[in-house]
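> Spelled out from the first residue to the last, the chains are:
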Amino acid sequence: MKSEDTIEKKLERLAQVIGPDETLIEDVMSRINIAPIDVLSIGQAHNIWRKIMKSKITRLTAAAVIIIVLVLSIIFLDKTVAPAYAVTDLPGLFEQAKVIHIRGWQHFPGHRMPDGEEIPPVEIDNWIDREGGRSCYTGTGLSVDKNGVRVTVSETISDGQYKLILNHTERYAVFFSISDYQRMLEAYRTSGVFSGQIFGDIEQLQNFEPVGWEQMDGVEYQVWQRETAHTITQHAVRLKFWLSPQTGRLGRVQIWSRVDDGRWELSKDYFIDYDVVVPDGVFTLEPPEGYTLKNTMETAILQELGGGGGAGYSDDKYSLRANTVISFIMGEGSIIVAWQSLDSKSEIPQDEFFTGLEFGGPLPTLPVEIYGLKPAGVKSDLMYTGCHLTHTQKADKFIEWSLYVPDGAPPASVRQLGFDVLYRFNLDPEPKWRIGLTADRNMPIEGSEDFEKWVLGAMGELSDDGNAPEGMTYEGVLQLAERVRESSAK
Amino acid sequence: MQTDAELVQTVLHGEKQAFAVLVKRYEKPVRAIALDVLGDRHLAADVSQETFVKAYEHLAELRRPQAFGPWLMKIAQRCALDSLRLRPKETRLETKVVTVIEGPNGQLDEDKQRLLAAIGKLPKSEKRVIMLRYLGDNSVKDVADIVGRSVGTVTKQLSRAHKHLRKMLERSEK
Numbered sequence: 030m031k032s033e034d035t036i037e038k039k040l041e042r043l044a045q046v047i048g049p050d051e052t053l054i055e056d057v058m059s060r061i062n063i064a065p066i067d068v069l070s071i072g073q074a075h076n077i078w079r080k081i082m083k084s085k086i087t088r089l090t091a092a093a094v095i096i097i098v099l100v101l102s103i104i105f106l107d108k109t110v111a112p113a114y115a116v117t118d119l120p121g122l123f124e125q126a127k128v129i130h131i132r133g134w135q136h137f138p139g140h141r142m143p144d145g146e147e148i149p150p151v152e153i154d155n156w157i158d159r160e161g162g163r164s165c166y167t168g169t170g171l172s173v174d175k176n177g178v179r180v181t182v183s184e185t186i187s188d189g190q191y192k193l194i195l196n197h198t199e200r201y202a203v204f205f206s207i208s209d210y211q212r213m214l215e216a217y218r219t220s221g222v223f224s225g226q227i228f229g230d231i232e233q234l235q236n237f238e239p240v241g242w243e244q245m246d247g248v249e250y251q252v253w254q255r256e257t258a259h260t261i262t263q264h265a266v267r268l269k270f271w272l273s274p275q276t277g278r279l280g281r282v283q284i285w286s287r288v289d290d291g292r293w294e295l296s297k298d299y300f301i302d303y304d305v306v307v308p309d310g311v312f313t314l315e316p317p318e319g320y321t322l323k324n325t326m327e328t329a330i331l332q333e334l335g336g337g338g339g340a341g342y343s344d345d346k347y348s349l350r351a352n353t354v355i356s357f358i359m360g361e362g363s364i365i366v367a368w369q370s371l372d373s374k375s376e377i378p379q380d381e382f383f384t385g386l387e388f389g390g391p392l393p394t395l396p397v398e399i400y401g402l403k404p405a406g407v408k409s410d411l412m413y414t415g416c417h418l419t420h421t422q423k424a425d426k427f428i429e430w431s432l433y434v435p436d437g438a439p440p441a442s443v444r445q446l447g448f449d450v451l452y453r454f455n456l457d458p459e460p461k462w463r464i465g466l467t468a469d470r471n472m473p474i475e476g477s478e479d480f481e482k483w484v485l486g487a488m489g490e491l492s493d494d495g496n497a498p499e500g501m502t503y504e505g506v507l508q509l510a511e512r513v514r515e516s517s518a519k
Numbered sequence: 017m018q019t020d021a022e023l024v025q026t027v028l029h030g031e032k033q034a035f036a037v038l039v040k041r042y043e044k045p046v047r048a049i050a051l052d053v054l055g056d057r058h059l060a061a062d063v064s065q066e067t068f069v070k071a072y073e074h075l076a077e078l079r080r081p082q083a084f085g086p087w088l089m090k091i092a093q094r095c096a097l098d099s100l101r102l103r104p105k106e107t108r109l110e111t112k113v114v115t116v117i118e119g120p121n122g123q124l125d126e127d128k129q130r131l132l133a134a135i136g137k138l139p140k141s142e143k144r145v146i147m148l149r150y151l152g153d154n155s156v157k158d159v160a161d162i163v164g165r166s167v168g169t170v171t172k173q174l175s176r177a178h179k180h181l182r183k184m185l186e187r188s189e190k
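Protein chains in written order, with our numbering: chain A, 30 to 519; chain B, 17 to 190.
In isolation and in its complexed conformation, chain B is listed as follows (with noise of 0.2 Å):
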């Protein structure tokens, strides 16, 4: 499996097809961003067509290629802070309301938003692992060869997200 880094290289170089590689990698993990800002998938796709679209056109700007994940993350949320601040007062509030509901709407149910959120407060390294593991349907060995980190480092990262996460739930449940 070629790194985040060789991909962008590959981009780099002109073969833009690597770089449907990147966007299906990082599909889900952008996408469970911009879902937990604007709390509307149907917003949160747009979004996330936003974000690859724009870290396609600012790729050769992108001072570290092993670092692609975490600045797409980042453009990820910049895009959906900028879709949230354009939406009218009133959807906003409206989101608030029906964000409990897991339905037709497009809305998450309060677990699973509260999850995403902890997702986002997790520290960069284990974030950029428990998405691509979980959110990017990867195994643990693909996710050490996409950041380029052992096997065991990656497990330790994932062991410790999960403690995270674990915490940050409990503390949100009392």
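Chain A extracted, bound-state conformation (with noise of 0.2 Å):
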């Protein structure tokens, strides 16, 4: 019992005496079959969304998730469900809107004020002017803690150059400039060509059903309905949507949740006006009287790239920020993602993790690396399987660009949904935690063209000397997903 081979031998003879149990798997399946797990699912899932509406971070995460789900929810279905207009007419119609309003109320469902009155909803205030590159946003946060109930509420102003965020809760005032990259970004996230990707996959509407007719305004809408659930929370929720058949248009959207007792609370109430004129003021980037500014238009801070998901954790042994920064997709499906991760606790500078890297080889072991990707909101055994192209460096920040390819054909709903990121902590111990990043606005990638415009701008954006890295091509990448294509099927 002095090497290895002997306690190979006692552990393959323990092995033979614990032998196989032949009808444990019968009768584990046999109890669980009792409990179907849909009802399990949705019972837990309220316990999940109360724990992500206590912490600020799963919480801000979870929010963004809906807020992109709404608002491609909206593009999409805005010119879809018009029995009157033939599919090839949605594009068209859908790049009509010029302008859009979207007015209503967010309420906090599930959440009570200490006294067990409702907690009082946030006015939404939202204007999109896709020709000006402008908009407004307003965003809202709950915390519900053992000091009460804090709601905040900010807003998000941008006139195409700068973008001033108003914190009404703290009220404050901060500047941003942003890039002429972002600029161009911005436009073509709210451009035809983006609502052109969306309506590919109109048999999305499949999954909602009519349930009546109402009138606003003197327009008629029928009432559409969906409930899902969502794939890692199991949050249960119920979309509605009244559409005109006339126009194409979407007049109101609900979103609603399911509660821990089974009922369901209005989560959003939305109405949407279309190409109605934007009153004087919306877009002026001046704080209100009262507010502290943070900075000035002079001296704005440079946004900087981002829109995917990002979180952060620190404890005594860690301190960790990990994000995506931006995702591309490909036309013959895999998916490039730029991503962070950085844990300044660690005495290990963050070049080292990229040293000796190469194009197609194994990702950098980052502190939280995403090695693979899988389709969000949808059940799917799809697996997107990570390596590296390159990465860049801005000031101190070293970012990682990874191409992730399919094992199989991508369902159409990536292009809306995103994906869901898979990452594995290189940590020891574990840090007790878990991550929401995401991946849910990837912008199409057909040709050189839009490789260089886009990807390696992009990279530039992300680089001090403002040039991506040499030798990074289109057709360089497509080979490269081909060859993991033929070697993972081998």
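Think of the hints as simulated: they come from the structure by calculation, not from any bench.
It is possible that some hints are incorrect.
[To be verified] Okay, the calculated bits of chain B under chain A, using three or more residues with CB under 8 Å as the criterion: (1) 29-37; (2) 49-55; (3) 60-67; (4) 150-161; (5) 169-183.
[To be verified] Heads up, simulated SDA-like pairs for lysine to any residue below, C-alpha to C-alpha not over 25 Å straight-line: (6) K38/A - K32/B; (7) K423/A - T502/A; (8) K140/B - D345/A; (9) K408/A - K172/B.
C-beta: ideal position from N, C-alpha, C; glycine also.
Combine the two chains into a complex, taking the hints into account.
Written as structure tokens, this is what we have:
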């Protein structure tokens, strides 16, 4: 028993003694079939949702996901349930809306004030001016802890060149300037090209069912409904859309949440107007009187490229930050994701993680490593496996650029719903937390021109010298994806 | 081979049959833990079943699906301890006396008990790969796929685990 062989033999003998239990699987499966997982998941989902809402980080991530889904749903459904129109008309109809006004109320389902009363809803007043590249969004947050209930309200106003964030709770204002690349990106994301991409998956509508008719402002709307549960949290929501068959437009959106006792409580109630005159002052970057100015337009902070999910965590061992920065979907289905991961309490310099990496080789073993992707929001066995493309550095930040190649044909839904990010911790001991990373705004890259404009543009945006790493080409990435597919097929 | 995380997600998506793969994969590691605590194979079999049912019932609460293995092993440990607490005192004393015999009563011999106890003391990552490799009858490649690590990493972990086990057994023999 002095060698490893002896240990191995002892282990093998132990395994023989333990032996298989012929009936275990059958016994377990017969017992769990009595308790349907769907019921369990839904029941537990609300506990999870409560946990999410108790954590600032996860709450904001969840809120971001909801907002993205809502916005995409609004854009997507806006023009697609119009029996009077042919499907081919829909992208054109979508582009006709130059101004979108979303007004309504944000409620806080599942939560109450300490006295048991409903938390007062927050009024929402959002504007999108596509042509002018301007926008105005209201954001809300909810914090529930032993100190009570705290609702935060902020507003983000963009005039296309600068962005002003107003924190109405803390009463302060911060200015950001927007780079040329990001201006281009913002415009793109609200353009008809983006909407055209969204219309690519119209079969999603099959999941909605008509439940009635209602009139609003003299217009007849058909009400469509769908109930769904979030892939990860299993949080159950009911979506209701008011659609005009005459105009193909979406007039109202309601999102309901299922709370602990099984009741449905209203979460969002939005009314949508199209091409209305924008009142003066909506996009004016002027902080209200009495607000503390963190900076001015002249000293505006250059807005960092972002848009993916981000999370942070700190305890006595770690001070972690991780986020996806931007992601692109290549024509053949593979995904490029730029991501970061930093443990500021670690003594390992970040550049060491990126030493010796090769194009197409293993990913850097960063504290949080995004090793794969899965399609979000749908049942799928598809797995995207990651490999290293390159890295860029801006100031003290290192950004990993990875390629994720699917092991089969991706569902069309990935273009709307994005991906669940699969990650692991390269830390010992592992932190006792879960990060909420997402990669859900994937810009399609259909050729070399797109690649150079968007992917290399983003790499340059995230580099100190403003240039993308040399040798990175559309064809090179496609060839790499093909090699990965071939090797995984063997 | 699907990773634990993928199987967990599949089960949570409503495909219950995928849980059978997890039961098959962790059947022996779970029973080994129960055996280590209880010293009785019949009781360990009952606890194994209870462990998997509990794991299934609480699967949606698992925050990191890729940590299914360690999470399951904790449940097994808890279930086994609960079972131990529920047993009458005289049975426990009897077990102490007869555990040196490996035979029809379902107990392990002393060597195997010490080996099981030593496995239980390994660091989390080493314990997992040892159990999957030897008690779960998986190849090194399969273990690597299951835990989502490279073959090289798993090989190193197994090698370290062997060394740790050897040292622990040597100490316990003295």
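> Hints numbered earlier in the text: which of these fail when held up against the supplied structure?
2, 6, 9
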